[in-house]
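> Sequence:
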Amino acid sequence: MPRSSPKLPKRLEWSFSRGEFGHRFKQCCKCEFGFRYCPQVKNSMRCITQVTDMVRKCVEPERIALYDTFVSTIPQAVDLICKNDGELIFVDGPNFKECSKKLPRYLDDCSSNIASFADTMDLAAYGEYQCTELDKVRQCYKKELADCRVPRMIELFDLFYRPVVKASPCKDFIKLEELKEVKNNNI
Numbered sequence: 001m002p003r004s005s006p007k008l009p010k011r012l013e014w015s016f017s018r019g020e021f022g023h024r025f026k027q028c029c030k031c032e033f034g035f036r037y038c039p040q041v042k043n044s045m046r047c048i049t050q051v052t053d054m055v056r057k058c059v060e061p062e063r064i065a066l067y068d069t070f071v072s073t074i075p076q077a078v079d080l081i082c083k084n085d086g087e088l089i090f091v092d093g094p095n096f097k098e099c100s101k102k103l104p105r106y107l108d109d110c111s112s113n114i115a116s117f118a119d120t121m122d123l124a125a126y127g128e129y130q131c132t133e134l135d136k137v138r139q140c141y142k143k144e145l146a147d148c149r150v151p152r153m154i155e156l157f158d159l160f161y162r163p164v165v166k167a168s169p170c171k172d173f174i175k176l177e178e179l180k181e182v183k184n185n186n187i
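Numbering of the sequence shown is given in the working numbering, commencing with residue 1 and proceeding in unit increments.
Treat the hints loosely; a few may be bogus.
To be verified - Below, in silico cross-link-like pairs of lysine-lysine (DSSO-like), each with a Cα-Cα straight-line distance of 27 Å or less:
#1 K83 with K57
#2 K83 with K102
#3 K143 with K166
#4 K42 with K83
Keep in mind that the hints were calculated from the coordinates and are not lab data.
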């Protein structure tokens with residue numbers, strides 16, 4: 001039996017007719033995201049170990065440390081995304097819609113310098129040059145995100161970037177900024 005599409009609540013239907021739909025829709029979805037989806041995702045995190053352990057068997061031995069680093073940040077990423085009902089992903093600001101269309105291209109441009117060695121060189125073998133290039137990528141991301149008026153999005157990138165720096169020779173070449181602790185958004 002086919003599912004019917006959900007009907008808009010009367011209040012949203014009314015605000016749509018008055019041209020206020022965008023704001024009210026974001027507020028509605030943000031609340032639902034925080035109260036409905038985040039608890040489900042957080043609850044499913046207890047099952048992630050089985051999945052990551054299975055995938056780990058397929059990872060090349062020289063990439064295990066990097067894989068483990070990324071996996072260990074997943075719970076923090078979920079907490080950050082769910083913080084304040086998902087304010088990090090429910091961005092609403094001047095010019096963001098237009099800028100967000102260009103953002104993937106900007107970020108690709110930022111990453112182009114490391115593409116030549118990132119796929120072929122083990123992270124443990126990174127020297128000063130590679131680490132400096134990695135830091136330039138982060139600075140470029142930070143600038144582009146700030147230009148798009150979403151400077152806090154760098155926090156999501158940093159969840160993965162910081163452990164990689166700490167687990168590699170880059171810790172000797174990159175000075176990490178102090179990071180505010182991500183508080184768990186228990187619901």
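> Decide, hint by hint, whether the structure agrees.
Here is what the structure says about each hint:
| no. | hint | result |
| --- | --- | --- |
| 1 | K83 with K57 | violated (32 Å) |
| 2 | K83 with K102 | holds (26 Å) |
| 3 | K143 with K166 | holds (22 Å) |
| 4 | K42 with K83 | holds (12 Å) |
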